[in-house]
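J.: Read off the chains here:
Number of protein chains: 2
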Amino acid sequence: MTNSAQANEMANAIRSLAMDAVEKANSGHPGLPMGVADIATVLFTKVMKFDPKHPWWADRDRFILSAGHGSMLLYASLYLLGYEDMTIDQLKQFRQLGSKTAGHPEYHFAPGIETTTGPLGQGIANSVGFAVAEAKLAAEFGSDLVDHYTWVIAGDGCLMEGVSQEAISLAGHLKLNKLVVIWDNNNITIDGRVSNADSTDQIARFKACGWNTIEIDGLDQAQVEKALLDAKKSKDKPTLIAAKTIIGFGAPTKADSHGVHGSPLGAAELAGAKQQLGIDYPAFEIPSHTLNAWRAAGTRSENARGDWEGRLASAKPELRAEFERRIAGKLPANWNETIEAFKAKLVADKPKVATRKSSQLALEVINKVLPETIGGSADLTGSNLTNTPETLPFTATDRAGRYMRYGIREHEMAAAMNGIALHKGLIPYGGTFLVFTDYARPAIRLSAIMSQKVIYVMTHDSIGLGEDGPTHQPVEHLSTLRAIPNLLVFRPADAVETLECWQLAIEAEQPSILALSRQNLPALRTETVTGNPSAKGAYVIAGDQNADAVIFATGSEVTIAVQSLELLKAQGISAKVVSVPSQELFYAQSQEYRDSVIGKPKAKVAIEAGIEMSWLKLLGDKGRFIGMHSFGASAPAEALYEHFGITSKAIVEAVMAQL
Amino acid sequence: MTNSAQANEMANAIRSLAMDAVEKANSGHPGLPMGVADIATVLFTKVMKFDPKHPWWADRDRFILSAGHGSMLLYASLYLLGYEDMTIDQLKQFRQLGSKTAGHPEYHFAPGIETTTGPLGQGIANSVGFAVAEAKLAAEFGSDLVDHYTWVIAGDGCLMEGVSQEAISLAGHLKLNKLVVIWDNNNITIDGRVSNADSTDQIARFKACGWNTIEIDGLDQAQVEKALLDAKKSKDKPTLIAAKTIIGFGAPTKADSHGVHGSPLGAAELAGAKQQLGIDYPAFEIPSHTLNAWRAAGTRSENARGDWEGRLASAKPELRAEFERRIAGKLPANWNETIEAFKAKLVADKPKVATRKSSQLALEVINKVLPETIGGSADLTGSNLTNTPETLPFTATDRAGRYMRYGIREHEMAAAMNGIALHKGLIPYGGTFLVFTDYARPAIRLSAIMSQKVIYVMTHDSIGLGEDGPTHQPVEHLSTLRAIPNLLVFRPADAVETLECWQLAIEAEQPSILALSRQNLPALRTETVTGNPSAKGAYVIAGDQNADAVIFATGSEVTIAVQSLELLKAQGISAKVVSVPSQELFYAQSQEYRDSVIGKPKAKVAIEAGIEMSWLKLLGDKGRFIGMHSFGASAPAEALYEHFGITSKAIVEAVMAQL
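Top line first, the protein sequences correspond to chains A and B. Per our numbering, residue 38 is the first one in the first sequence, and the count goes up by one each step. Per our numbering, residue 38 is the first one in the second sequence, and the count goes up by one each step.
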């Protein structure tokens, strides 16, 4: 151990707080903070740019604890640095209901927590988005205003997760040189030695993906400092710092073993660790000279921030206003009128196109009026139609580009979009097939947990995609996405609804899924209306308000439902079609509105080319569902709709069975 | 082009059929078959061991088209080799309803299709399981009976997917030398050149993961043959053959472009391609000398198979019987009595343990009586309790091991288990936390599409896991897993139910999820019953059969429901608790049985520490749900149950509100 006494004391302050908090909670992960304390000390007190008094300073460096289980490393550091929200009482409330110090770092809980981590690999996957956002905004607003680094601490678990490969191959390809990943190379996982389950040469792997690599002893603060500073010098590659550490460093019997990963040390081991480390103060009581040293380090960037404020103040007014608007996430003044004008055009034009095409038409307008959108696709651009004339690619050589060629990396696309949104200044949207939300689900769930404005453009949204067959046909997905709390799932029926859903997704302060058809659909919304009917989630799109039968439908099936009205009329049955572009928004309306839409029908039918699960609430005991009850099949779309009985005729039968 | 005339003709037969079938279907992917035809020709006619007349021969080499969109490569080859089911009429019915020639290869549709592929990365991820099964069975039954290779063709898309990293790092770690992946290195993806989205040095990446690598021109059959034979010689590493190819080889204007990936060539381009390739015969009419050469090659392994049959016939009777039982997937004669005996012991012992512990107790019995189980965990063995004294690890040096240390690779775990199950001879089970089914969902869906006996041991199944917080607490997952067609989702309430669910999972011819508690639960099934009540999915576990109120519950909430009975009784309300270990099995029962369980209650309540979506069908209009309506939180389990109102008191209120 070559660290100076003060350096040791500062790192031990983290170790001490981490051990104490986990012990008090009788739950948590002391191993990582103890092993990584030296790295965190150097990173936070000597290298990173941030200001605890202005924690949301737009040009701060970002820190991401990808190994989120080591949350006490972050909480202890934030406390030591002087982040106001992170009090010693919060540390004492670690893992208790209502505290800011949750088991894993939760975005929104306290400043300094840049993203929610815990599910392994997500942080490193987010970080690529942060670094993309930085590079893109720097290209737009200049390095006077945007010039910061993204720092990640990742464990062996993060590197074993598949999404890490998607992340590092994308970051290397894009030459995101201001991204630095510090690998806590402690050779321990929950089940024992890493070598039990993995033999990957990580250095060679990162090099193969175009990364700069540095190997150090992560317990030697001088080596750490040199590595971090060297990483900042990398001009055209992201950097991996492979830092050899010892999990649970200082614990007399449990260090360097999986026993210290995820359980309190216990009184004896804790006492032994403190003795071995030279920690002679009571639990949660950091000596003032150590605390003062940390707090002083916390003020290091005050001048840099002041200079930055000066540069912002003296920037051209339009640039400054635009920068502030973008970081605040406000929409431009002409947003509403632009959408309304285009809606009027669509009402007049009545395009008969697939909703994926309608989405592209909407994007052509949106991308013009919102320079903050950054599109992309997981290698399905021509299918998702996520591109517009504005979306030149964001590349290693053109940081001004607005389109992410994510490659065949659905999971990383979603995770990177989380990072882009969390960074602020950009609105990410990205496409793949709806069925492949399965590949991205852990990151989609995090969009929802963190309430981030991430827009998923998910095309080929049913058996309507046809011949590609069951592996490509979503069946359960609309229901299983609606099942995720705080996620908006839109399935628009025509061009006008698609525009309205896009408007809602852009205005929402939460993530959205747009489920869009591959097949062409007629225009249904052919009359001018005021406002955005889709905003209420569901509304009567056709038929008599006081009809005997109500037919709920979404997307491509709204057309089928509307077609059934004539057939029903021929049987002397009055019916109406309720288009339900978003169940979530409909349930958020007043009971009065919902009653007014549903009416008091004698028959209820819902039709959607997916499973019934998410429809049962609307249908109740007597309503009937028309949709899928199994996986799909490979055949032309029309044949499949007939084969699976998703037809106007089926609607008529279902209505008549109830009357 | 250095191939002989006959070699070219044989490869062109594939190209021709692929072009014709895609053109006739007016849908499909001609690019891959045209680029990879030479590789397939050499692999199928010179290297692989199989017998079209005995397509399920246990010791055949396995072929996996990981790039499943190139399905016509496989169908054309199977037809040419003489697989009976794959007629020329089937090729003409490519992508039509009811044909064996679905858009992507579908397991069960025709012999020679070893696994369902299409979602990228899944095939290469399956292949690790195939190779594990081969090595394990060879160790058990000897190389006289088990000695075959697993061959994979993977595209750039497969290698970009994160799951490929999990697959190759696991395969390299386990030194699966009989696994050979041929990378169709054509530098084209749907959006254009690979170099638009990826710059990975794949050779270096595979080397970093412990693979043998070979680089060849994939259009030169001599190079292909040498590479395939060299790969077979690898003693301690899986092999990557990086085969440079040209997508759509032969197409005059579209070759080497993404235009030939996923669309028919069109009449003019098709004619031009045939002219350029020297294909002068009509569509679907392979000249007899070429067809005969293929058919002759298809018989190459007849003698090898005969010899193998001889070795099997002359093996020790017990070994032979056991081998045949295992490959047929039959359970041993003492299976039922073993389970019954242990159930009697549990009824007597009344253990108060978490259901994850009950699962381990069940496994201790199951692993003794079923040598075919191969367990594992994604680095959570001590949490999932998936190990027993029998489960020594399967490693690079001990192929007899029965436990897969999957590492932090949930997706690969699921995909490998698919491969193990598809191989036959073993029953795979593997564990992680229930919330991380999200990471494995694409592979879980394939378990269900393929109806494979794969058992997912998913512990920490609710907010009951406590302090780890919302990222680790499943909320929507029970509903979203029930949403997958053909998947059994079990959530047992105590040790006896857990054993019963394990029995059902082992006996099912489809995949199962066991959702298990972290927290201890009392014994509820304390009386001897005949048969397996869990087999009917739901049954009255407590209370009066003709009660006024019925309370549906699963898992840890059954205890809460049973506790409410006393409270309800104090209010003068008769009630019963219906334990629902499997909704799927309950819905599969007769209406009569379901009516008998539910009765005609005046009040219905369902309680589950998840969302309500999958309960609405049982609850109908009037029933009430007690569970989660948001993400969870970080706190001790008891505090969370109270905080979210999942309590006996809430049940009483919900019942009384209905009476």
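No wet-lab data here; the hints were simulated from the structure. Be careful, since some hints might not be right.
The list makes no distinction among identical chains, and a pair is therefore deemed to hold if it is satisfied within one copy or across any two copies.
[Unchecked claim] Taking lysine-lysine pairs in the DSBU-like style, the calculated list, with each CA pair at most 35 Å apart, reads:
1. K387 / K61
2. K686 / K129
3. K387 / K606
4. K353 / K367
5. K281 / K212
J.: Work down the list of hints and note, for each, if the structure agrees.
T.: Hint by hint, here is what the structure shows:
1. For the identical chains of this complex, K387 and K61 are inter-copy neighbours only, at 33 Å across copies versus 65 Å inside a copy, given an alpha-carbon limit of 35 Å.
2. Taking the closest pair of Cα atoms, K686 and K129 come within 35 Å of each other only across two copies (31 Å); inside a single copy the shortest separation is 64 Å, beyond that limit.
3. Taking CA atoms no more than 35 Å apart as the test, K387 paired with K606 passes inside one copy only; the shortest distance there is 25 Å, against 63 Å between copies.
4. With identical chains, the CA atoms of K353 and K367 are at most 35 Å apart within one copy only, with a shortest distance of 19 Å there and 78 Å across copies.
5. Taking the shortest Cα distances, K281 and K212 sit within 35 Å of each other both inside one copy (25 Å) and across copies (26 Å).
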